[in-house]
Every structure is written in structure tokens, then in C-alpha cells.
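Student: From first to last, the protein sequence lines stand for chains A and B.
Take the first sequence: its position 280, counted from the start at 1, is 280 in the numbering used here, and no numbers get skipped.
Take the second sequence: its position 68, counted from the start at 1, is 68 in the numbering used here, and no numbers get skipped.
Mixed in with the good hints, there may be bad ones.
Note: identical chains are not told apart, hence a pair may lie in one copy or across any two.
Stated by the list, open to error - Straight-line alpha carbon distances no greater than 30 Å define the calculated BS3-like cross-link-like pairs of lysine-lysine that follow:
1. Lys81 to Lys139
2. Lys191 to Lys154
3. Lys191 to Lys94
4. Lys81 to Lys177
5. Lys191 to Lys81
6. Lys254 to Lys139
7. Lys254 to Lys177
8. Lys191 to Lys254
9. Lys254 to Lys81
10. Lys191 to Lys177
11. Lys177 to Lys94
12. Lys154 to Lys177
13. Lys94 to Lys139
14. Lys81 to Lys94
15. Lys191 to Lys139
16. Lys154 to Lys94
17. Lys177 to Lys139
It is worth saying that the hints were derived from the structure and are not from the lab.
Being a predicted model, the structure only gives us computed values, none of them experimental.
There are 2 protein chains.
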Amino acid sequence: MVRIALDAMGGDHAPLAPIAGAVRAARLWGYEIQLVGREAEIRPVLRQQGDLTGIEHLLQIVHAPEVIEMGEHPASAVRSKRQSSMATGIDLVKAGGADAFVSAGNTGGVLATALLGLRRISGVTSERPALVAQVPTLKGYCVVLDVGANADVKPEWLAQFALMGSLYSEIVLGRAKPSVATLSNGEEEGKGNAVLNEAVPLIRALPIHYVGNVEGNDITAGRVDVVVVDGFAGNVFLKTAEGVVATMTELIRKELTRNPLTALLALGLRPGFRAVRTRLSYEEVGGVPLLGVNGVVIVAHGRSSPYAIQNAIHQAGRCVELRLVERIRDRLAALA
Amino acid sequence: MVRIALDAMGGDHAPLAPIAGAVRAARLWGYEIQLVGREAEIRPVLRQQGDLTGIEHLLQIVHAPEVIEMGEHPASAVRSKRQSSMATGIDLVKAGGADAFVSAGNTGGVLATALLGLRRISGVTSERPALVAQVPTLKGYCVVLDVGANADVKPEWLAQFALMGSLYSEIVLGRAKPSVATLSNGEEEGKGNAVLNEAVPLIRALPIHYVGNVEGNDITAGRVDVVVVDGFAGNVFLKTAEGVVATMTELIRKELTRNPLTALLALGLRPGFRAVRTRLSYEEVGGVPLLGVNGVVIVAHGRSSPYAIQNAIHQAGRCVELRLVERIRDRLAALA
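Okay, chain A solo, but in the shape it has when bound:
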């Protein structure tokens, strides 16, 4: 049975959204979920979740008195709050009491706590683990990393991201021979910044299917399976994609409700629009895994709803069942 430690205090809608998401995940997939956080805040919310017959034994509370807040400086918070819900959750994974940790809290806090508690997989040298986004495209999903953990990178880190991203696509998304590209400001070889140009020969030397540079528009078009980028430009990519979807949705809404007739027609199309929004929503995937640490850790969006948390927990469960971390560790060891 998969056992998942969930940060009950993490995210804008905590503890309600994490707890409601945990209840759904326990019911859907039978995972054992440890709700980590302030017991006095968790217990009443859990009680409000309706009839828990049949899943009550799957939902446990693990008390942790401290909380790393959204606005806090990660490094100092991690040092000063040793009994935070994040530290306690990661300790559970480290000690073997849980198979994975999921949090919608302060991303920097999760990164620092995970790195401190679980350490890097042998062979991984990046300053922090990579954040891996599963981005919806015209053809399915594209794996993009790093989307924000390492703003400055070294060439060998980009090569490690390429290898781990290829393995993630193969193991979690079931691609047979994932195509891996580097994100650049132009497709021609030689385009890109200095660190990318140094990384390309290292990536070419890896036993993966590297196809060269792509540009920002190639990602959502679904041209490749995996895209490698530094955490600065990767975060610009991810936030821009989110922002353009929101802006375009708003422009369409305004335009179509401008007169009563088009508003009426648009009403008839609501299910269609909803399907597109769902397809493009981060809630469907739920979370962004950390790659490079010795354990399954998923960061969910700060604004996560119960549905988003449920899916983040599912993603964690799948990574555990598929033995993602062990297989990355084995592959890195075989290449060393």
C-alpha cells in the first residue's frame, strides 16, 4: 500500500484544500495518507468531511506544531523551524514511514527541506533538485525542467536534467523513446546562451534521443516529449503559458458577452469552453515533482483546490508505484 505524507498546512487554502483532497484521494485510490500539521486545526476540518466510513483507517494525523508560511524566506525558515509540517513530512519519508511527500506550500521551503532531509541522488550535482512540469500540449503532455529551482545553472546540470527528464517521460508518461530538446532563442545550432552551448555536447553524449534546440512555441505545439532549460527561463516559460491562457480566456469572455445575442450563443458553448480550460489547467496534473533527491516529493500550486491536491497525491502515488526514484538512481549509477 502506498503511504503518502501530505503537508496539511501548505497552500493558500490550507488546511481545508489539502484535507478535502486527501479524503478524495484515499477514496479513489486507497492510499494511506498522513495529514501532517497542527492537530488542533486538522481534526475539526477532517470531521467536516462527511461520512468517512471505509477510509477512516487510511487518514492519519501526524502532529507538527510549526508552519513555514508562503512569504517566508525559505533558507532561514527551514533552519529555524525544525518542527514544521514540511520538515516532519520529509522526515517521515526519510525514516521510511511514508513513500512520498506532497505540499502546496512555499516552493523554496519544500526544495530546501527535501534537499536537507533526503539529500541528492548520487551523481546529481545541481544546487537544488529540478522542478518538473508536465505541460499540456496539442498532442498530450511535454515534460519541462527546470521550471524554477535553479535560476543559474552549470552545463552539467542541464545534462543531468536532460537524462532525468527523459527517464521521467519514459517511466511516468510511458513514452518508448522520448525526444529530448533544449529550449533556446532560435533552433539553429549555436543559438542560445553560453551555458546552453556548453551543455549541448554533454547532452549529445548521453544515451537519450536528443533532437536539438526548440523555441517557446514548439512546446505547446507538442513537437517534443521533453524540454530542458535553466530554472530562470523555465519559470518564465511556465508562468507565461499560464498567463496567456488566463488573458485569452478573459478576452474571449469579454468579446462574446458584449451583446445579448453572442452571450446567448456563448452560453450554448459553455461545455466546450470548459473542456478546453480543463485541458489546459494545472489542476489536472496537480503537482510538479522534484527530481534529483532521494525520494518522491511533489510541489502543488499554492492556489490548489481539493481537486488539484487529489491529483498531486495521485501523481505521487504513481511515482512510488513506478519506482521512479530507484530507477533514476540505477540509471545514474550505471552511467557513472
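With the hints as your guide, set chain B onto chain A.
Tutor: Only chain B this time, still in chain A's reference frame:
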């Protein structure tokens, strides 16, 4: 009268699109347009443009026997093809025979030719001029630079981009006190890569309205007037925004035409959808100015239609009329 040198050989649809765009621009704004390129190819296309009565004297052909192709390596092409349409057009600006140069050709070629021929404005130290995009937002336009010319930047270059971007917003878009932000992977001070963190104090010291970091989603939301970024992440931003608009359009089209009833409803909404597409299309602005060289130079999209070229020419005309380059030069001199 504004005199514009147009690269008649530049872009995927040359020479037809540039020539048709020039005819429209001459008719609409009375600009004198020099069609630069192979006379034997330009003349028959110009003849096919219908009745030119009243504007014939505004359209001149300036022969240039060579063409820098889209796929060519810019630096070597610029060195070997001294009689290209780009070199000839830039020479016209340099010699005072034209007030601006517009091209939909190889961007690297335009950058290199413009820099070689027109030189940097005194005080500008970046390796290349910055490419300045006018990005449609929920509230109007946001000026984003650099969107691709300088993949690696120095902190002082970012500060120069901030100053030039602020002036561009003020002069061309008429903002009284433009808000200027830096693009980063998080809003908190201290987020960002090393070069950005070194640039922030330099930008704070400038006589502009600097408001700190923003993220990718803040741009199309219209939160600020000007966004400063290195050419690598700036290009990722621009291409991603273009790509997401295309992907979302395609997903909506597929979803709404799935059954005959919704297809019929969607038909009634076509004008509304078209209005949104127009609002978000690069064709409305037409071109991306180069900032930092001694002259008005506009790079249009390689796929430019006649309409896009017309608008790029208009943008060049406005920069000339508003004395953009002279005013940037004066402000930089005053700060030196």
C-alpha cells in the same frame, strides 16, 4: 515627408508581401518608400499592384543585387554580401537618403548590418541592439526588451534596456510615467539569476519608475508598462506567448466543431473570435524595433503578410516623426 527604406527581399513571402505592404502604407500615410532589392524581381510585382495613380511617385526601386537568406549565418553573410538589400537599405539611412529601415528578413542579419552600418548610440554598450516587442495585454500594450538579440547580458546592459524601454513607452506609446519591471522567477527581491540581481541596484539608480520584479503571467495581465529581461528568457517569453495563443485557438476550434450544433453556434461567434485573434496578433504592431543603434530600424516577422508589413512601416514612420532615436541619444547624453 518620412522616407522609409524597405527590404523588398526579406521574409517568407518576399517580394510580394513587402511590395504590397509598401503600396498600402504609401496610400494610407503618404510615406515615400524605397523598395530595396533585385530590380528585375521587384518591378513586375509592383506592376501587378493595380492602379497606383497618386502614389506612384512615393514608390521607388533601389537596386541591390544580393539577398541574405533566412537560413544563412548572419555574421558571415553580412561580411560576404556587401551589396545585399539589407546593407543597401542601412546605407541609405546612414547617408541620410532614408529616415528608417524595415525588413522581414533574417533577424540576425538585420542586427549585424544595422550595428555595422549605423553604430551604437553613445552610452550603449550591449553587444547588439535590443529587440523591443510591443505585447498586447488585457489593458493595452506592454513593452518587453530584449526579446532575442543578446542571449547573454551584462548587468549594465539590462539597465540600459530599462532606460530605453521606459523612453520607448513614454515617446511611442504616450505613457506619462511608465512603470518598469524586471522579469524574474518570482517577485520577491533576491529572486532571479545572478546577472539580474547585479542589475537591480543599477536600475534602481536610474531616473525611471522601477517597480521591482514581475513574473511571466504579469505581462499579458497588463500589470506594468515595460518589462526588462535578457534576450534568452525574453525570446522564450515571446515565442511561448505566440505558441500558447495558437495552441489554445486550435483546441477551441477542435472542441467547438466536434458536433454540428456547437459548430453552428460557433459560426455565429466568428466575428468575436476574429476580434480576439486580431487583438493578439503580431500583425497589428507589425514589427520589433531595434533599440541602441543610431537610426530607426524595424524587424518584421518572417511570416509577415502585406498587412503586417504595412503596420511595420507605420511603426517606423511614427518612430521617425516622434524623433525616438534623437531623444534616446539626448537622454543618454544627459545621464552620462
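Student: Checking against the hints above, which ones are violated?
Tutor: 1, 4, 8, 9, 11 and 13
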